[in-house]
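Undergrad: Take a look at the letters that make up each chain.
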Amino acid sequence: MTANVCEADSTVFCARLNEVSKLFGSFAALRQVTVDLEPGRCYVLLGENGAGKSTLLRVLAGLLRPSFGTVKVFGDNAPQDARARIGYMSHAPMLYDELTAQENLRYFASLYPGRPCLAPAEALKQVGLDPALTRTLGQYSQGMRQRTSLARVLLPVPELLLLDEPFSNMDVESARQMVELLAGFRQSNRTIVITTHQREMAAPIADWVLTLHAGRVASFEPGSPIR
Amino acid sequence: MTANVCEADSTVFCARLNEVSKLFGSFAALRQVTVDLEPGRCYVLLGENGAGKSTLLRVLAGLLRPSFGTVKVFGDNAPQDARARIGYMSHAPMLYDELTAQENLRYFASLYPGRPCLAPAEALKQVGLDPALTRTLGQYSQGMRQRTSLARVLLPVPELLLLDEPFSNMDVESARQMVELLAGFRQSNRTIVITTHQREMAAPIADWVLTLHAGRVASFEPGSPIR
Amino acid sequence: MLHALWTHLVKDLRIEWRSREAVNSMLFFALLVVVLFSLAFDPRGAFSREIAGGVLCVATMFASVSALNQAWAREIRHQVLDAQRMAPTPGAELFLAKVLANFLFVSVVQLLLAPVFLVFYNLHVEGQAWQLALVLPLGTWALVANGTFFAALSIRSRNRELLLPLILFPIFMPALLAMVLATTSILTGDSDPTLWIKLLLGYDIIFTTVCLLLFDVVLNAE
Amino acid sequence: MLHALWTHLVKDLRIEWRSREAVNSMLFFALLVVVLFSLAFDPRGAFSREIAGGVLCVATMFASVSALNQAWAREIRHQVLDAQRMAPTPGAELFLAKVLANFLFVSVVQLLLAPVFLVFYNLHVEGQAWQLALVLPLGTWALVANGTFFAALSIRSRNRELLLPLILFPIFMPALLAMVLATTSILTGDSDPTLWIKLLLGYDIIFTTVCLLLFDVVLNAE
Amino acid sequence: MKKIIISLYAVATIVLMVWGFYQAIYVAPEEQTMHEVQRIFYYHVPSAMVAFLFFAVSLIGSIGFLGFRRSRAVWAQISDAWALAGAEVGVVFCTIVLITGPLWGRRAWGIWWTWDARLTTTLVLWLIYVSYLLLRRFAAGPQVQTLAAVLGIFGALDVPIVYMSNRWWRTQHPAPVFGGGPDSGIKDPAMLAAFGWNVLAWLAWGVLILVLRYYVERQQQKIAEHEAQEALNA
Ligand code: HEM
Ligand SMILES: Nc1ncnc2c1ncn2[C@@H]1O[C@H](COP(=O)(O)OP(=O)(O)OP(=O)(O)O)[C@@H](O)[C@H]1O
Ligand SMILES: Nc1ncnc2c1ncn2[C@@H]1O[C@H](COP(=O)(O)OP(=O)(O)OP(=O)(O)O)[C@@H](O)[C@H]1O
Ligand SMILES: [Mg+2]
Ligand SMILES: [Mg+2]
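Chains as they are written, first to last, in this note's numbering: chain A, 1 to 227; chain B, 1 to 227; chain C, 1 to 222; chain D, 1 to 222; chain E, 1 to 234.
Rather than coming from a laboratory, the hints here were simulated on the basis of the structure. Among the hints, a few may not be true.
To be verified - Taking CB as the label site, the calculated pair distances span:
| hint | chain 1 | residue 1 | chain 2 | residue 2 | range |
| --- | --- | --- | --- | --- | --- |
| 1 | C | N24 | B | Q187 | 34 to 44 angstroms |
| 2 | D | H3 | C | S107 | 54 to 64 angstroms |
| 3 | C | V108 | D | V125 | 49 to 59 angstroms |
| 4 | E | P176 | D | V116 | 10 to 20 angstroms |
| 5 | C | P137 | E | R167 | 19 to 29 angstroms |
| 6 | B | S219 | A | Q198 | 15 to 25 angstroms |
| 7 | D | N122 | E | L203 | 20 to 30 angstroms |
| 8 | C | V108 | A | A214 | 43 to 53 angstroms |
| 9 | A | G114 | E | L203 | 47 to 57 angstroms |
| 10 | B | G114 | D | V116 | 29 to 39 angstroms |
Said to hold, decoys possible - Heads up, simulated SDA-like pairs for lysine to any residue below, C-alpha to C-alpha not over 20 angstroms straight-line:
| hint | chain 1 | residue 1 | chain 2 | residue 2 |
| --- | --- | --- | --- | --- |
| 11 | D | K198 | E | I161 |
| 12 | D | K198 | E | R218 |
| 13 | A | K72 | D | K198 |
| 14 | E | K222 | A | F68 |
| 15 | A | K72 | D | N122 |
| 16 | D | K198 | E | K3 |
| 17 | E | K222 | A | G25 |
| 18 | D | K198 | E | N166 |
| 19 | C | K198 | D | L39 |
| 20 | E | K2 | E | R218 |
| 21 | A | K72 | E | A73 |
| 22 | A | K72 | A | H91 |
| 23 | E | K3 | E | R218 |
| 24 | A | K72 | A | S110 |
| 25 | B | K72 | C | K198 |
| 26 | B | K125 | B | G69 |
| 27 | E | K2 | E | A73 |
| 28 | E | K222 | E | T13 |
| 29 | B | K72 | B | R31 |
| 30 | E | K222 | A | S67 |
| 31 | A | K125 | A | G114 |
Each residue gets a CB set at the ideal place from its N, CA and C atoms; glycine is no exception.
Only chain A is shown next, with the shape it has when bound in the complex (with noise of 0.2 angstroms):
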C-alpha cells in the first residue's frame, strides 16, 4: 500500500483532462473540458440534472472514452490501463442482489490479484456494515446497498475515488460519518472526485469545487464552507 502512495505522489497530477468533449449521437454530453486533478485533493462536482457530471466521472474512470480530447491518469497513462488504480461508483449498486455483501466484496476483491486488498469485514465495518449480516443484498435497502458499493470500491485501496452521488440515499448523520472517512483518505494522498447535488455534504472536505452546467466547465474555484 504504501508503495502505491509513492507512486502516486511522484506524479505531479492525478489526472489530467485536456479539451475533452464526448458526444452520444450528436448530443454533446460534454464540451471541451479541461481539468487537471492533484493527488491528495478532494473535488466536488456539481451542476443541474443532466450537466454531464456522470459522465465526466465515467470518462475519468475509462469506461467511456472521449471524443475528443486526451484523458491521462497516473503521468501518462490511459486510464484503461491503470484500471485497478482508479475506482468507481454510480448510480447503481454494481453488486450481486443474489449474493450477501461479504460474498459480493470477496468476489470483487479476487478479481484484484496481485494488489493488497482489504478484508471484506474491515471494509463492511468502515462504512458502517455490520459484516456478520446474512440477507443477501437483493433485501438491503437502497442506503445499505450504496454503503456496501461503497465498500466494494475501497477494497482495492484505489489512489483515484470517482463517487457518483454517494450520499443520495444515505441520512444525514451517515453522511456525516462517510465525509469523514473520505477526509481519512484524502490524507493518504489520494484523490477523490464527488459528483452531489448537496453541496453542503461535501463541503467539509472539498478542496475545489467544479461546476459545470450543459457539458461544459462554469466554475473552478476553491472549496468554501456553505454560503
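Use these hints to put chains B, C, D and E with the ligands onto chain A, whose structure you have.
TA: Chains B, C, D and E with the ligands alone, transformed into the frame defined by chain A:
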C-alpha cells in the same frame, strides 16, 4: 361542452378521497389521505421525491385502486366509470414515438367517441406547437414532447385535469404560458391538480397547496404567493 | 362500436409500415427456423412430406412468439397503455385490433415464406390445396389470439421474454396438433382433414371469446 | 492466470444455485419443445429414429437460446458489468467462466431430458452409444460459446431478445448440421460419425478462439 | 473530375456487360450434357466469385476498423464504410447465386433445391451476412460499428467453408471447375473466353456498385460528423 360544465357544476365535490391508503407490497405509498376537491379550483401537490404525489394522482385517475378507503368523483362515481371526464398526464409522454404529433392526437381523439373533442391542430396551437410539423414524436425534444402530451390531455376537454410535473422540462417562459392556459381552464369551472417541484411556477394559479410527506398529508392550506 | 377497433388497427399498421421491424425480423427468423429444421430433419428422405406440415407449423410458431413478445412493447415504452386504460373505449377492441394486426403480419410472413418452403422441401400438394387456405389462417389465428393475450399478461413480469412461451405453448398445444394433422393430411392426401379443421374452428371460437371477455381484467390489473 | 476464471465460475454457479432460475426455466422450455415436436412429428412413424437426433438438437438449441438471452441479465441489472470492466483481469476469463457455467446448465438439462426423450421416441441406440457422450458436449459447447458471445454482443441493442437468435442461428448452423448428422448416424447405426465429430471439434476450436480473442472488444464497446 | 471518371467507368462497364452477354449467349459453344441451360454458368459462377471477393473486402474493412478505431479515427471510418459496402453488395451478388443456382438446378437435376454441402453453406453464408445487415439496423449508437465489425469477422469464417465444400464432400453440385482435380479447368477456348469476359464484366459492375455504396456511406458519415461538430459548438 357547455353541458359538461354544468354537469360538473351541479355536484358539490369534483373528487373525494376518504381515508385512502395505498400499499405496494409492504410499503405504504399513501397513508389515510382524506381530501375533497372542489370544482373550478386548482390544487398544487408538493412533497419530496417518493412522497406519494404520483401515486395520489394515479389513484385519482383510477389507474390504481386504493388498498383501503374510497375514491369518488363527480358525485358518486368511481373514477373508472368517469374516465372520459378525467385527463391524466404522467411523467412519461404516453404517446407513440413513431407517429407525428397530429397523428397521435387524432388517434387519441377518436378513442373518445361521442365526446366533443378539440381539433388536434387547435390543441397543438394552444400548447404553443406548430401543427404543421411533420417530424415523428421520437425526434421531438423532451420539452416538445411534454407539450404534445399536454395537448393530448386537453383534447377531450376533461373536467378533472391531473398533471404530473407538467413543467419539469420546459423553460420558464413556456411554463408561464402554460400556467396562463391552465388559468383559463379553471375559469370554465374545471378542476386542476398539479404536482411540481417548482412551487413558484404554479403559484399564480394555486388555490390550494397540498403537501405530502411520506404518504401522509402534511399540510393543506390556501395558495399563497411565493414567500 | 367497431369505430375504435378500426382506429387501433390503422394506428398499428401505420406504425409497422414506418419501420417494418416486426415483419422483417419475423420473416428472417422464420426463414432461419425453416433452414434449421431442414438441416435437422433431412428433407431429402422418403418422409419429407410427412414432416413438412409439422415444420411449417412449428416454424410459424417460433417466429410468431419472437414477434408477439414485442407486441405490446410500444405501448409499454412511454406508458401509452395508461392512456389506453384512461380512454372510455372497451379494452376488447384494443385487444382485437392488436390480434388483427399481428395476424396480418404473421400471414404476410407465411405468404412470403410459402414458396421458399415448397422449394426447400420439394413439395407438391397431394390433397386439396384450397383447404390449406383454411387451415393455416385458422391455426395462425389461434396462435396470435392467445399469444397477444398472454403477451399482455406477461409484460408485467421481470423476465417476460422467457415467460410468454412457457405460458403460451401448453395452451396452444391442442391447436398446434390439429393444425399439424390437418396440414399433413392435406399435403399427403392420405386422410380427410375436415375433422381437424372443425376442431381448429371450435378452438378459435372458444379461446377468442374467453380472451375477449378476460382482456379487460388483464389490462386493468395493477 | 486461471484464478479469476475460477472466481467468476464459482460466483455464477452459486447464484444459479440460489435461485435455480435458469436451469428450471430451461428444463421446462426444453420439455415443452420436445412435447411440441412430438405433436408436430408423430414419433410413432417408421422414421422416428431418423428424426430423433434432429429433435434432440433443436430442442437443446431453442432451450439454450431462451437461457442465453438471460446470460448477462444479472450483470446488466445493476451495472455490474461496469465493475467487471474496471477490474484489472482479462475479459477472456469472464467470458470463459460464463461459457463454462452455461455449458454446465445446458448439460444438466440434457441429462435430465435424455430419459424423457428416450421414452417419448421409443429409442434404443443402434450405433455406439459412448460416441453420444462426445457429440452432445461438443455440439453444446459450440452453441453455448457462440451464444454467450453473441448475447454479450446483442445486450447493447434495442430489442436484444429478438437479435440474439437472428445472429446466432446462422453462425451456429454448420455445427448444428454436424451435430445432427453425428447423432442420427449413432442412433441409426447406419454410418460412421467420426468425420462429423472431427468437424465439430474443429468448429469448436476455431470459434472459441475467435470468441476469446474478440470478447474484450465486445465488452468494452461503448 | 471524379464524376467524369465514374461516368466513363460506368459506360465501360455497360459495354463490357453487353459484350459478355454476347459472348455467353451467341459465341460460346453449347455444352454436351446440359445444352442451352449451361449458359447460366456464365452468370452463376462470376457472381459467386464477386460475392466472395466482396465478403473479403468486408472482412478487411472490419479488421481495419477494429485496428484503427483507437488510433486513427478517419481511417477507422473509411474501413467501416468499406466493411458495410462490401457486405451489402456481397449479399446482392450472393442472392444472384442463390437465384441462378436453383434456376439451373430445376433443369439439370429436376428439383429446385437439395441440401448438399455447397448449397447449404452458400445459404448459410447469405444468412450470416443478412444478419450482419440486420445488426447494423437494430443496434443503435456508436457501438454499432464495433459490434458489426466483430460479426463481420465471424461471417468471413464461413467463406472458406463454402469454397472448399465441394472439395471436401461429394456433392450433387458439380465438382470444382478450377483448382479441383488434375483434369479440371475449361477445355474449350471459346468457352474459357466467354467465361473470362463475364467474370470481368461482373467484376467491373460489382466494383461500380461497391464504390458508389462506399461513397454514399462516407457521405453519411461526414454529415453525422458535421452534426456532431455543430452540437459541440452550439
Ligand atoms: C441451387 C443452388 C446453387 C448454389 C447456392 C450454388 C452455389 C455455387 C457457388 C457458391 C459456387 C462457387 C464458385 C467458386 O468456387 O468460385 C458455385 C460454382 C459452380 N456452380 Fe453452383 N450453385 C447452385 C446450383 C448449381 C447447379 C444446379 C449447377 C449445375 C448443374 C451449378 C454449377 C456450378 C458450377 C459448374 C460451378 C463452378 C464450379 C466451381 O468452381 O466450384 N451450380 N455454385
Ligand atoms: N449512453 C447515453 N446515450 C445518450 N445520451 C446519454 C447517455 N448517457 C448520458 N446521456 C446524456 O448526457 C447528458 C448528461 O448525462 P449525465 O448522466 O452525465 O448527467 P448528470 O450531470 O450526471 O445528471 P444527474 O444529476 O441527473 O445524474 C444527459 O442529457 C443524458 O441524457
Ligand atoms: N408500482 C410500484 N411498486 C412498488 N413501489 C412503488 C410503485 N410505485 C411507486 N412506488 C413507491 O411509492 C413511493 C411513492 O412513489 P411516487 O411515485 O408516488 O412518489 P412521488 O412523490 O411522485 O415522487 P417523485 O417526486 O420522485 O416523482 C416511492 O417510494 C416508490 O418507490
Ligand atoms: Mg448523474
Ligand atoms: Mg412522481
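Undergrad: Taking the hints in turn, state whether each one holds.
TA: Taking the hints in turn, this is what the structure says about them:
1. Distance hint check: the CB atoms of C:N24 and B:Q187 are about 52 angstroms apart, inconsistent with the given range 34 to 44 angstroms.
2. For the hinted restraint 54 to 64 angstroms between D:H3 and C:S107, the CB-CB distance of approximately 56 angstroms keeps it satisfied.
3. Separated by about 43 angstroms at the C-beta atoms, C:V108 and D:V125 break the suggested range of 49 to 59 angstroms.
4. The beta-carbon spacing between E:P176 and D:V116, approximately 46 angstroms, falls outside the hinted interval of 10 to 20 angstroms.
5. A hinted range of 19 to 29 angstroms for the beta carbons of C:P137 and E:R167 is inconsistent with their spacing of about 46 angstroms.
6. For the hinted restraint 15 to 25 angstroms between B:S219 and A:Q198, the CB-CB distance of approximately 24 angstroms keeps it satisfied.
7. For D:N122 paired with E:L203, a C-beta distance near 56 angstroms fails the hint of 20 to 30 angstroms.
8. Between C:V108 and A:A214 the beta carbon distance is about 46 angstroms. The supplied range of 43 to 53 angstroms therefore holds.
9. Checked against the hint of 47 to 57 angstroms, the C-beta distance between A:G114 and E:L203 comes to roughly 55 angstroms, which is consistent with it.
10. Our hint of 29 to 39 angstroms for B:G114 and D:V116 is violated, since their Cβ atoms are close to 57 angstroms apart.
11. Note on D:K198 and E:I161: the hinted pairing holds, with a Cα-Cα distance of about 15 angstroms set against a maximum of 20 angstroms.
12. For the given pair, D:K198 sits about 44 angstroms from E:R218 by alpha-carbon distance, which is inconsistent with the 20 angstroms threshold.
13. Between A:K72 and D:K198 the CA atoms are separated by roughly 49 angstroms; this puts the pair beyond 20 angstroms, and the hint is violated.
14. Taken as a hint, the E:K222 and A:F68 pair is honoured in the structure, with Cα atoms around 16 angstroms apart against an allowance of 20 angstroms.
15. Proposed proximity of A:K72 and D:N122 is contradicted: the alpha carbons are some 67 angstroms apart, above 20 angstroms.
16. Restraint check for D:K198 and E:K3: not satisfied, since their Cα atoms lie roughly 53 angstroms apart, outside the 20 angstroms limit.
17. In summary, the hint linking E:K222 to A:G25 is supported, as the alpha carbons are separated by about 13 angstroms, within the 20 angstroms threshold.
18. A distance of roughly 18 angstroms separates the Cα atoms of D:K198 and E:N166; the hinted pair therefore holds under the 20 angstroms criterion.
19. At roughly 18 angstroms between alpha-carbon atoms, C:K198 and D:L39 fall within 20 angstroms of each other, so this suggested pair holds.
20. For the suggested pair E:K2 and E:R218, the alpha carbons sit about 15 angstroms apart, so the restraint of at most 20 angstroms is met.
21. A C-alpha spacing of about 19 angstroms is found between A:K72 and E:A73, which places the hinted pair at or below 20 angstroms, so the restraint holds.
22. A distance of roughly 24 angstroms separates the Cα atoms of A:K72 and A:H91; the hinted pair therefore is violated under the 20 angstroms criterion.
23. The straight-line distance between the Cα atoms of E:K3 and E:R218 is roughly 16 angstroms, inside the 20 angstroms bound, and the hint therefore holds.
24. A threshold of 20 angstroms between alpha carbons decides the hint, and for A:K72 with A:S110 the separation of about 27 angstroms lies outside it, so the pair is violated.
25. Of the supplied pair hints, the one linking B:K72 and C:K198 is violated, its CA atoms being roughly 49 angstroms apart against a limit of 20 angstroms.
26. With a C-alpha separation of about 40 angstroms, the suggested pair B:K125 and B:G69 falls outside the 20 angstroms cut-off, and the hint is violated.
27. Pair hint E:K2 plus E:A73 does not hold up; C-alpha atoms about 24 angstroms apart against a cutoff of 20 angstroms.
28. About 29 angstroms separates the Cα atoms of E:K222 and E:T13, which puts this hinted pair outside 20 angstroms; it is violated.
29. Taking the CA atoms of B:K72 and B:R31, the gap is about 17 angstroms. The hint holds against a cut of 20 angstroms.
30. For the hint linking E:K222 to A:S67, the alpha-carbon distance of about 15 angstroms falls within 20 angstroms, and the restraint holds.
31. A hinted pair counts as satisfied when its Cα atoms are at most 20 angstroms apart, and A:K125 with A:G114 does not qualify at roughly 23 angstroms.
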